[in-house]
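Residue strings, one per chain:
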Amino acid sequence: MKLDRRQVLGLTAGAAVFAVAGVRVTPATAAAEDAAKRIMEFTGGKQPASGKITLKTPEIAENGNTVPISVSVESAMSGDDMVQSVMILAEGNPNPDVATFHFTELSGEASATTRMRLAKTQNVVAIAKMKDGSVYSDTRQVKVTIGGCGG
Amino acid sequence: MANAKPRVKVPKSAKAGEIITIKTLISHKMESGQRKDKAGKVIPRKIINKFTCEFNGTKVFECDIDPAISVNPYIEFTAKVTESGEFKFTWVDDDGSVYETSKKIEVK
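The listed protein sequences correspond, in order, to chains A and B.
The first sequence begins at 2 in the working numbering and counts up one residue at a time.
The second sequence begins at 6 in the working numbering and counts up one residue at a time.
Misleading hints may appear alongside valid ones.
As the list claims (entries may be wrong) - Among chain B residues calculated to face chain A with C-beta under 7 Å, some are:
#: 1; residue: Val13
#: 2; residue: Asp42
#: 3; residue: Asn61
#: 4; residue: Phe66
#: 5; residue: Glu67
#: 6; residue: Cys68
#: 7; residue: Ser75
#: 8; residue: Glu81
#: 9; residue: Thr83
#: 10; residue: Lys85
#: 11; residue: Val97
Stated by the list, open to error - Derived DSSO-like pairs: lysine-lysine, alpha-carbon spacing no greater than 30 Å straight-line:
#: 12; chain 1: A; residue 1: Lys144; chain 2: B; residue 2: Lys17
#: 13; chain 1: B; residue 1: Lys20; chain 2: A; residue 2: Lys57
#: 14; chain 1: B; residue 1: Lys109; chain 2: B; residue 2: Lys17
#: 15; chain 1: A; residue 1: Lys38; chain 2: B; residue 2: Lys41
#: 16; chain 1: B; residue 1: Lys55; chain 2: B; residue 2: Lys34
#: 17; chain 1: A; residue 1: Lys53; chain 2: B; residue 2: Lys34
#: 18; chain 1: B; residue 1: Lys55; chain 2: A; residue 2: Lys53
#: 19; chain 1: A; residue 1: Lys132; chain 2: B; residue 2: Lys85
Think of the hints as simulated: they come from the structure by calculation, not from any bench.
Using N, Cα and C, we set each Cβ at its ideal position, and we do this for glycine too.
Just need the whole structure built from these sequences, with the hints factored in.
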């Protein structure tokens, strides 16, 4: 399974792989479907393209309670070449929403860094919505040693 | 939580048109609503759900925050400064409290 194929359409396929691997089947499937639905809501039904957006995460997160992530989008940030917002989703969390960044012309650059919780090893997806309506996404897998959602 | 303490790092001065990096942190336990207490009851969700940054009254950056953001939410972003002025930072809690702080910057 290639990475780019996996990005959005592959979410359900990804969940199926989890099922084969025997990793807690139900939450993974439900959350991945939930994440795919969230992406469609965010983009207004558009399929995100790859490129432009870069998501940076550690490959292995020892502690799922604080996983640093940073996202940046190539853009002039003026006129029509503007990034409106970037949404971060975690496919394997009990609730896929992580955060949504909204940028303006005063941002200068479309980049942001934060720290997030990850319940287990999973894909993190970042989707950028541009002013001209185009959408881009990037996915990274993060291996989590100790989950960070309590319970 | 009354003791939410915001901390913000903004350069003291910058050149006109320079893109600066702003780092913000607020102490908050960010109770996700997923955890259970010893009696097995779900601890109610209580998080910071919104962060905004304004410069001289114009919005620079805004962030919708969900429970997946870690304890003591840290947010780093950029801003383009063209004139001297003041950055205003606002965090909104689930219970409606608003935490604010501001930082001045001088443009040379």
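(request) Any hints from earlier that this structure breaks? Give me their numbers in increasing order, please. (result) Of the numbered hints, 1, 2, 3, 11, 12, 17 do not hold.
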